[in-house]
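Undergrad: If you want the building blocks of each chain, they are given just below.
Number of protein chains: 2
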Amino acid sequence: MAKQLIECVPNFSEGRRKDVIEAIVEPFKKQKGCYLFDYRADEDHNRLVVSLAGEPQPICDAVLEASRIAMQHIDMNTHQGAHPRIGAIDVIPFTPISNITMEECVELARKFGERYYNELKIPVYYYEEAALRPERTRLEVIRKGQYEALKEEVTNPERHPDVGEPKLHPTAGATVIGARKFLIAFNVNLNTTDVNIAKTIAKRVRASGGGFTAVKGIGLALEEKGLVQVSMNIVDYDKTAIYRVLEFIRMEAARWGVTINGTEVYGMIPAAALIQSAEYYLQIDDFDPSQVLELKLLELMREED
Amino acid sequence: MAKQLIECVPNFSEGRRKDVIEAIVEPFKKQKGCYLFDYRADEDHNRLVVSLAGEPQPICDAVLEASRIAMQHIDMNTHQGAHPRIGAIDVIPFTPISNITMEECVELARKFGERYYNELKIPVYYYEEAALRPERTRLEVIRKGQYEALKEEVTNPERHPDVGEPKLHPTAGATVIGARKFLIAFNVNLNTTDVNIAKTIAKRVRASGGGFTAVKGIGLALEEKGLVQVSMNIVDYDKTAIYRVLEFIRMEAARWGVTINGTEVYGMIPAAALIQSAEYYLQIDDFDPSQVLELKLLELMREED
Numbered sequence: 007m008a009k010q011l012i013e014c015v016p017n018f019s020e021g022r023r024k025d026v027i028e029a030i031v032e033p034f035k036k037q038k039g040c041y042l043f044d045y046r047a048d049e050d051h052n053r054l055v056v057s058l059a060g061e062p063q064p065i066c067d068a069v070l071e072a073s074r075i076a077m078q079h080i081d082m083n084t085h086q087g088a089h090p091r092i093g094a095i096d097v098i099p100f101t102p103i104s105n106i107t108m109e110e111c112v113e114l115a116r117k118f119g120e121r122y123y124n125e126l127k128i129p130v131y132y133y134e135e136a137a138l139r140p141e142r143t144r145l146e147v148i149r150k151g152q153y154e155a156l157k158e159e160v161t162n163p164e165r166h167p168d169v170g171e172p173k174l175h176p177t178a179g180a181t182v183i184g185a186r187k188f189l190i191a192f193n194v195n196l197n198t199t200d201v202n203i204a205k206t207i208a209k210r211v212r213a214s215g216g217g218f219t220a221v222k223g224i225g226l227a228l229e230e231k232g233l234v235q236v237s238m239n240i241v242d243y244d245k246t247a248i249y250r251v252l253e254f255i256r257m258e259a260a261r262w263g264v265t266i267n268g269t270e271v272y273g274m275i276p277a278a279a280l281i282q283s284a285e286y287y288l289q290i291d292d293f294d295p296s297q298v299l300e301l302k303l304l305e306l307m308r309e310e311d
Numbered sequence: 007m008a009k010q011l012i013e014c015v016p017n018f019s020e021g022r023r024k025d026v027i028e029a030i031v032e033p034f035k036k037q038k039g040c041y042l043f044d045y046r047a048d049e050d051h052n053r054l055v056v057s058l059a060g061e062p063q064p065i066c067d068a069v070l071e072a073s074r075i076a077m078q079h080i081d082m083n084t085h086q087g088a089h090p091r092i093g094a095i096d097v098i099p100f101t102p103i104s105n106i107t108m109e110e111c112v113e114l115a116r117k118f119g120e121r122y123y124n125e126l127k128i129p130v131y132y133y134e135e136a137a138l139r140p141e142r143t144r145l146e147v148i149r150k151g152q153y154e155a156l157k158e159e160v161t162n163p164e165r166h167p168d169v170g171e172p173k174l175h176p177t178a179g180a181t182v183i184g185a186r187k188f189l190i191a192f193n194v195n196l197n198t199t200d201v202n203i204a205k206t207i208a209k210r211v212r213a214s215g216g217g218f219t220a221v222k223g224i225g226l227a228l229e230e231k232g233l234v235q236v237s238m239n240i241v242d243y244d245k246t247a248i249y250r251v252l253e254f255i256r257m258e259a260a261r262w263g264v265t266i267n268g269t270e271v272y273g274m275i276p277a278a279a280l281i282q283s284a285e286y287y288l289q290i291d292d293f294d295p296s297q298v299l300e301l302k303l304l305e306l307m308r309e310e311d
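As given, the protein sequences belong to chains A and C, one line each in that order.
Count along the first sequence from 1, then add 6; that gives the number in the working numbering.
Count along the second sequence from 1, then add 6; that gives the number in the working numbering.
It is worth saying that the hints were derived from the structure and are not from the lab.
There are no misleading hints in this set.
The list cannot tell twin chains apart, which means a pair is met if one copy fits it or any two copies do.
Below 16 Å or equal to it, Euclidean Cα-Cα: the simulated EDC-like pairs (lysine to aspartate or glutamate) are: (1) K38 - E309; (2) K38 - E310; (3) K35 - E310; (4) K187 - D242.
Turn these sequences into a full structure, and let the hints guide you.
TA: Now the structure itself:
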């Protein structure tokens, strides 16, 4: 049976002390079956963002271990940084990649949340697809007022954690754990210097403007390139395939005689999202991802582990 | 450093005796670092085709071991089958997939050929990119008259093996070893029942008709579907990308007002060949294959081995 593959992007409230950052990522380097794609510390944000992929179990084990180390070094009472946060280990999202459903990822997040509280005594809020209260699907609702405000307001039933007593951990605060879809950053550059065209198209393509449900986007000018850009996040490529977004923008831009100069995929993209577009444009019938040599090889390598 | 990845598709002259077939593929299942994608035995052809991928060293080790087993069980003097062949182990092609050049695959094939002869005493002919004589790039030149004729003609300098004495192995015959590009089977179905349109387009798209250098193709009718098909092999997708072939056919078919119904990728395809087309249609600038989550994961998994 093909093994489950998830992505996990834990965010820690430490972006300045190199030794602490290295200590936190150490478990991700050591844990077999947990693959560390990338980690980026931002000094202004005072935040560390880690990208992991692999099977659920080793990822959960490594995240717990890294969290244990983070709580030893980070005191939220003295922490300062530009990025909103409520805890030393601020957010832990789990994302399904293959052979695992969103429902299973939600279950995973919730089981992990219980274990996390039991072992670390840091209270947990569930967000996005794992939210237990509808308003908590939105991270900003949970993080409102940040650590400083939540420390006081946590006793208010409206702000009780989903797991744990209604009080924050004295130094580590609280942690938001959840499950969410893979987010693709996709930008479309247009052959014009008129930023209003990009802004108008952004409005039309995004969910809030009546466009695609899974698209968030803004229009901006690329001064140096002499182009404008529709900069987007595709938050559910299963529902809203990249090629549909691109062809929609092409159609809208044609209204002003404007063409597409090029596009950018920023950061990671799951193979399925690219295959989806290749299948459409190449009109391939009955394509099976395991026809892709590297995906088949990955499957075989993961099976033998 | 990213590890080298090759494909290897050894062909053995046994497609009927199940126990022999299983004995031959056993080393491919056992050898660590050699991944068995598929093996298919054809009774009429009396031939076994095995698909492998992995690093060069474990693949060479496993192919040598499987060849040793094949030569113990197959006697070319009694072998019969519809497929042309000159030996118990008939052909061993090596194909570069990633982090390895064709030149390195040629070197690999020639080193393996020497080792193969030294250990098994089966003479070797080099073909395709590994050919030492220009006419031997073509497999059919080497296999002319098959085992039965070659057994006599091998003493003729024109037919001397590239490695070994000018005589065949008494039971195992000879083996053709070489390096070749990955071959993609790509079919385009047209919305018409007029097979002449498919035949005409096939002629125009293929190298022999003045079309793309890396395309071989024929036109045929798909009676049950009420369509016709341009059935192709793309023998070098680096030179001739799939999307160019498809758009060329679309353009030609438009001449008769005929449209494309769909396409088929038959068998395996390297990720690079799909990414190439996704990049073109989605107009993606500066795309790096390691942005694909699964390809990055494969890279990390292969590094830790």
